[in-house]
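Note that the working numbering has the sequence shown beginning at 124, numbered continuously upward.
Because the hints were derived from the structure by calculation, they are not lab data. Errors might be hidden in some of the hints.
[Said to hold, decoys possible] When the alpha-carbon atoms are kept at most 20 Å apart in a straight line, the in silico SDA-like pairs for lysine to any residue are as follows:
1. 229 to 145
2. 229 to 289
3. 229 to 181
4. 217 to 229
5. 318 to 289
6. 229 to 318
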Amino acid sequence: MNQIRVMLVDDHEVVRLGLRTLLEDQPWIRIVAEAGNAEQAFQAAESLRPDVVVMDIRLPGQNGIQTCQELTNRWPEMRVIMLTSYADDELIFKALQAGASGYVLKQVGNQALIDGLDALRRGEALLDPVVTGKVIARMRESERQRERDVFRDLSEREMEVLALVVDGKSNAEIAAELSLSQKTVGHHVSTILSKLGFSNRIEAATFAVRHHIENYLPEE
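Start from the sequences and build out the full structure, keeping to the hints where you can.
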């Protein structure tokens with residue numbers, strides 16, 4: 124889009140005035156509506172269909188996150204930018220899960236906000252640099268937690284046996300390495316297959332490799 128049509132949603136009129144003054148100075152930004160709460164935002168969105176909604180995360184009544192989710196559910200093409208003073212991890216993720224295209228701190232410089240909206244105009248996501256770091260860290264931790272969870276039913280010994288199965292070792296070789304009997308190793312392998320829901324060693328080994336079992340083995 125060459126020009127973006129923007130709606131400002133904030134319960135403080137002075138904030139909306141400041142944003143309007145800042146943004147309307149850009150020829151490619153057109154402010155088409157203002158709203159002080161969720162109900163006003165829905166009415167304006169219905170009649171005017173702005174391209175972008177710049178919205179405070181804290182609104183009276185229905186909050187900004189709930190409002191964002193409803194706006195993006197009704198009009199998936201509408202982009203919502205959450206503008207807030209709070210760099211709270213949970214709020215960041217709730218906003219993004221609600222469909223927000225970006226999350227900008229009110230403390231950010233004027234030019235940074237304009238540059239961010241310009242990036243949004245080009246189809247890119249808008250995130251404050253501080254927020255971006257939090258998002259990346261949270262995503263990585265979530266991925267690590269998901270991987271840990273897939274092995275949660277296995278004991279430490281079963282994890283050791285599975286890691287050796289991944290290495291292609293036979294029951295006899297595993298028994299020798301762990302100082303166990305072959306019968307005990309066979310029992311462990313059967314239990315591992317049952318817990319993970321697989322019918323053979325190859326399936327279990329493939330699963331373990333895909334979920335990076337090497338990161339979750341007991342420390343020696």
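Okay, the hints, checked on the actual structure:
1. Among the hinted pairs, residue 229 with residue 145 is consistent with the structure: their alpha-carbon atoms are about 13 Å apart, no more than 20 Å.
2. Straight-line distance between C-alpha atoms of residue 229 and residue 289 comes to about 51 Å, which puts the hinted pair past the 20 Å bound.
3. With a C-alpha separation of about 12 Å, the suggested pairing of residue 229 with residue 181 holds against the 20 Å cut-off.
4. For the suggested pair residue 217 and residue 229, the alpha carbons sit about 18 Å apart, so the restraint of at most 20 Å is met.
5. In summary, the hint linking residue 318 to residue 289 is supported, as the alpha carbons are separated by about 16 Å, within the 20 Å threshold.
6. Between the alpha carbons of residue 229 and residue 318 the distance comes to roughly 49 Å, so the proposed pair goes past 20 Å and is violated.
Hint compliance for this structure: hints 2, 6 are broken, all remaining hints hold.
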